[in-house]
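These protein sequence lines are chains A and B, in that order.
FYI, in my numbering the residues of the first sequence are 6 to 215.
FYI, in my numbering the residues of the second sequence are 6 to 215.
Don't read these hints as lab results, they were simulated from the structure.
Remember, it's a predicted structure, so these values are computed and weren't measured experimentally.
Backbone N, C-alpha and C define an ideal beta-carbon position, used for all residues, glycine too.
Treat each hint with caution, since some may be false.
[Claimed, not checked] Which chain A residues face chain B? A few, computed with CB under 10 Å, are given here:
no., residue
1, Gln-42
2, Ala-44
3, Asn-47
4, Arg-110
5, Phe-112
6, Met-211
[Claimed, not checked] Label pairs and their in silico Cβ distance ranges:
no., chain 1, residue 1, chain 2, residue 2, range
7, A, Pro-187, B, Val-34, 25 to 35 Å
8, B, Val-34, A, Glu-139, 42 to 52 Å
9, B, Ala-75, A, Val-160, 27 to 37 Å
10, A, Pro-187, B, Gln-12, 35 to 45 Å
Protein chains: 2
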Amino acid sequence: MDRVPEQTINRLPIYLRCLVQAASLNMPVINSLGLAQMAGTNAAQVRKDLSYLGELGTRGIGYDVEALIAHISGELGLTASRRVAIVGFGRLGGSLLGYSGFSERGFDIVAVFDADPAKIGTSVGGVRVRSIDELESGLAEEAIEIVLLTTPADVAQAVADRVVAAGVCAILNFAPVTLDVPDGVKVRPVDLSVELQVLSFHLARMTQEA
Amino acid sequence: MDRVPEQTINRLPIYLRCLVQAASLNMPVINSLGLAQMAGTNAAQVRKDLSYLGELGTRGIGYDVEALIAHISGELGLTASRRVAIVGFGRLGGSLLGYSGFSERGFDIVAVFDADPAKIGTSVGGVRVRSIDELESGLAEEAIEIVLLTTPADVAQAVADRVVAAGVCAILNFAPVTLDVPDGVKVRPVDLSVELQVLSFHLARMTQEA
DNA sequence: TGATGTGAAGTATTTCACAGCA
DNA sequence: TGCTGTGAAATACTTCACATCA
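Kindly generate the complete structure, drawing on both the sequences and the hints.
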């Protein structure tokens, strides 16, 4: 089987979300057009994307919703829950810990690290805040697979280096810096200012063209 | 001049951030390789991207940092601050209102809407929470250009329809649904569960291949 | 019959490689 | 000389169109 294109990977969680909704509406089967309309794309794209995962549909019929949910979940590695840590427990880190959407989707936040002595040792939502000094040991102890990096920008790279050295291969980076990590480590940047600036670009274009 | 490719637009805010940092380090000039290293890309990409904006560099030298900041800021429409509204004032909406990074970059949150009578009329951070019933009039009154959509998923499409009908052309969508909007309206989805699932895919691939 | 799966065509994006200019 | 700007090549992705098969 060929490698799955990056853009296809980005759409798989969207398809999964749509399929779960279809299942909740008691649709046993969905075709590529129906899924495309829910996901905001087109039928050919859906078929091509799903074809990278195998021959999952039935010609003349479409895709079995439950079977496709199971298959995509498997591809996304969602069969077991994943152990997640928050590094940097400021305002944003606190919000993320409180967000129920993660555990609902199998992402369990089981460790929190911060440098502030006033926070260390306190417990929030059943999770104890650890010292950043215990980062390496704590990540190993808790068998962390994914780190949510929410430190201030000026220490993000240094903390990321330690996280990577501790063996973590997946980082969701909320700090407004581009992280430099070795091959094999996946970083997804989340930067709302970047998103707003992209929207602003389009607004500027519109008013200019009109 | 040719249209700027979408992927280039996505990188412009990154370049801008790197340039601002370079300026803070008192670098008067930066070359494509230096900017590429800061931005996590390569020199050819930087030159190609910037070439869509015009001939901004000096051969043999590089790019004047301040001039390039000014130019990219202009392209991104950041010369004046932009008026932003939060629609859906739950936990997430509250966090976003409290985030200082927006106003620092010229995005001013000047209106907040919610459906909960307990919240309507209260003031947070100098902004009064308005009833969702006043959505259309409020968006017009405050001359809102960008909406941060943070409603529950099940009403997100309906609210988005009203936001679009009120003339807003840019939406940052935090609801875990794919919004259907007319041509000319730009939506940027922000879904942390999707991001985590993409990371999970790569983790699954790694363990499988190893 | 009707919808999938997929080569092939069409686009978009990235990278190369070097002419051109300060 | 050294770095930008840019056609051209290479690669990646999307869309088309239709053979294929339940």
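Hints, one by one, checked against the model:
| no. | hint | result |
| --- | --- | --- |
| 1 | Gln-42 | holds (8 Å) |
| 2 | Ala-44 | holds (6 Å) |
| 3 | Asn-47 | violated (13 Å) |
| 4 | Arg-110 | holds (5 Å) |
| 5 | Phe-112 | holds (5 Å) |
| 6 | Met-211 | holds (6 Å) |
| 7 | Pro-187(A) x Val-34(B): 25 to 35 Å | holds (30 Å) |
| 8 | Val-34(B) x Glu-139(A): 42 to 52 Å | holds (43 Å) |
| 9 | Ala-75(B) x Val-160(A): 27 to 37 Å | holds (30 Å) |
| 10 | Pro-187(A) x Gln-12(B): 35 to 45 Å | violated (24 Å) |
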